[in-house]
Amino acid sequence: MIRFIGGRVLGLVLVLLATSFVVFGAVHLAPGDPVSFLMRGRPITPEARAALTEQYRLDEPLLAQYFHWLGGVLTGDFGRSVQFRQHVGTLVAEKLPVTAILVGYAALLICAAGIGLGILAGLKPGFADRAVLVGTGIGTATPAFASAIALTALARTAGWPTYGGGEGFGGHLKHLTLPAIALALAFGGLVARVTRAAVRDELGREHVEAARSRGIAGAAVVRRHVLRNALGPVVTVIGTMVAGLLVSTTMVEIVFSVDGIGSLLIKSVTNKDFPVVQALTLLIVATFVVVNLVVDLLQPLIDPRLSLTGRGAR
Amino acid sequence: MALLDIDGLSVVLPSGAAARPILDGVSLTVETGEVVGLVGESGSGKSVACRTVLGLRPAGARTSGEVRVSGRDVLAMNRGALKALRSGEVAMVFQDPRASVNPVRRIGDFLTEGLRAAGVPRDRALERAGELLAEVGIRDPRGALRRYPHEFSGGMLQRVVIAAALAGGPALLLADEPTTALDVTTQAEVIGILRRTQAQHGTGMLFVTHDLELAAAICDRIYVMYAGRVVETRGARELFDAPRHPYTAGLLAAAPSLEPDATPPRPIPGRPVSLAENPPGCAFAVRCGYATDRCRTETPRLAADDGGAVACLRADEGILTC
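Protein chains in written order, with the UniProt record's numbering: chain R, 1 to 314; chain U, 1 to 322.
Check the hints yourself; a few may be wrong.
Listed next, the stretches of chain R that the computed footprint assigns to chain U, with coverage defined by at least 3 CB atoms under 8 Å from CB atoms of chain U [unchecked claim]:
id, segment
1, 200-207
2, 221-233
Negatives, chain U to chain R, calculated, CB over 12 Å [to be verified]:
id, residue
3, Leu145
4, Ala165
5, His210
6, Arg294
7, Ala303
No lab work stands behind these hints: they were computed from the structure.
Virtual Cβ for every residue (Gly too), placed ideally from N, Cα, C.
Between the sequences and the hints, there should be enough to build the whole structure, so can you do that?
Structure representation (structure tokens):
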């Protein structure tokens with residue numbers, strides 16, 4: 001167990017290292033000059049340009065810049081934002097809560113609606129099943145930003161609250177409902193479909209019929225033998241969904257003018273604010289890897305045949 | 001009154017526009033304490049017949065006839081009565097213990113689930129589960145309760161399944177090919193446990209198998225099924241020594257024998273047909289060496305003869321003695 005986690009943590013570090021290099025390289029290879037952005041097109045004296053180049057180490061070779069940056073990251077220093085002239089860490093910490101609430105809210109909606117509809121469709125063939133299939137098909141095919149735009153239009157005509165900052169946690173929650181729904185529409189369908197397939201699969205198992213043959217009540221058979229056994233694939237798909245959710249958040253935040261890390265990321269990419277882009281990309285990758293580590297640790301609890309140490313595995 | 005009395009049971013599956021028959025007029029009885037074999041090839045409908053005794057019907061199936069357990073018709077029971085029947089009077093042992101036990105729940109859970117549903121308190125149910133495991137020869141029953149199905153061998157897990165079947169103190173045990181999925185060495189052990197517990201509790205048993213010799217060895221009486229119908233029934237000894245249906249004789253001739261001077265096994269030519277694709281006349285006629293034109297047009301009825309019954313138009317001609 002400890003060896004397994006140790007191995008996975010090592011893997012996590014390697015993935016982050018590789019990602020950090022790719023991101024660092026990509027940002028620096030992209031056309032455009034941070035110094036020009038800093039001066040906002042104003043003329044600049046050669047001395048000033050040299051000073052800025054010195055400050056951001058733009059004249060050093062890429063690898064040297066990378067290792068300098070990496071050294072900073074390891075000590076918790078992600079550098080200074082070019083556009084906001086603030087420490088990246090402070091900046092991200094400031095914007096993170098609202099995005100965390102939004103993603104958590106959306107994940108909650110996705111799990112509740114996706115799993116609920118999936119169970120309904122799996123257990124009740126016929127109209128309910130077909131309705132869920134069609135609905136989730138449309139939802140999955142529509143990108144989150146498209147539903148976001150449609151929802152803002154709808155909200156404007158209906159007079160619902162769109163995002164306006166919000167006071168405290170409750171205020172955030174109220175104003176983040178529509179963005180969360182936009183995200184949930186795009187990802188809930190996938191969860192619903194995987195849940196439906198898993199429930200169908202388990203319903204056809206002989207141990208389910210055997211449980212019925214032992215006189216166990218229908219509701220208990222569904223709860224203890226169908227849903228319990230269908231959990232594995234559902235947890236896996238929710239884990240892999242997290243990365244997509246974080247990426248889609250950026251567009252949804254822009255559409256709803258939510259001042260979170262999604263908006264920050266888009267602004268930073270447009271403005272060549274490379275320290276921020278690097279930090280946020282690393283954050284997204286790290287979240288994805290950590291969530292999937294948690295999913296892998298959960299699987300043996302769901303299905304005891306998937307023992308971590310390999311002992312007793314078939 | 002017989003413990004189990006299946007009377008003229010027919011099952012029809014609706015598949016699209018054309019209804020597909022599975023069973024046609026199957027009748028059989030099991031008395032208290034009696035072991036009755038139900039033998040046939042795959043697709044003969046023996047498992048379907050067995051499962052209807054618990055009210056388990058294929059999805060959308062229409063049934064006619066009666067399946068009476070202690071005089072009460074299972075097919076007419078409401079949900080509550082069925083639940084009581086399944087958790088008490090009748091229990092079933094399935095073919096493959098790996099498939100019939102939920103792999104993600106503990107053995108203790110599996111064994112106590114039925115008892116708990118019947119209102120037995122948790123501690124008492126666990127105690128009873130331990131006793132049942134000891135009865136079927138599981139070492140360290142208390143420890144076994146905390147283990148998962150994949151930690152048991154197939155034979156050991158089938159013992160657990162038998163223990164679970166005995167939990168409700170059933171009067172009738174249904175065994176649907178209980179040894180087919182097991183290693184040969186463990187088959188004998190499982191059969192031994194089934195026979196011993198059945199004799200101890202005076203339980204009636206319906207033993208479904210494709211192995212006529214195994215059935216002959218452990219059953220009092222045997223029903224042979226072909227394409228959804230019973231084609232022959234009589235006492236196990238008589239059936240084994242002097243079969244009167246060509247299909248029964250073919251099954252016996254198809255089994256290899258260890259005797260030095262035995263004839264090599266002769267397979268029945270052709271493949272088993274289901275009731276649905278059944279031509280008019282006797283379903284076995286296309287594979288039967290004795291079939292006449294009459295066999296291909298006239299469906300034989302199960303007619304009583306000395307000590308049993310046979311459904312063959314030429315049974316009285318003594319064709320099988322030569």
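Checked hints:
no.: 1; hint: 200-207; in the structure: holds (count 3)
no.: 2; hint: 221-233; in the structure: holds (count 4)
no.: 3; hint: Leu145; in the structure: holds, 14 Å
no.: 4; hint: Ala165; in the structure: violated, 8 Å
no.: 5; hint: His210; in the structure: holds, 18 Å
no.: 6; hint: Arg294; in the structure: holds, 42 Å
no.: 7; hint: Ala303; in the structure: holds, 34 Å
The structure shown violates just one earlier hint, number 4.
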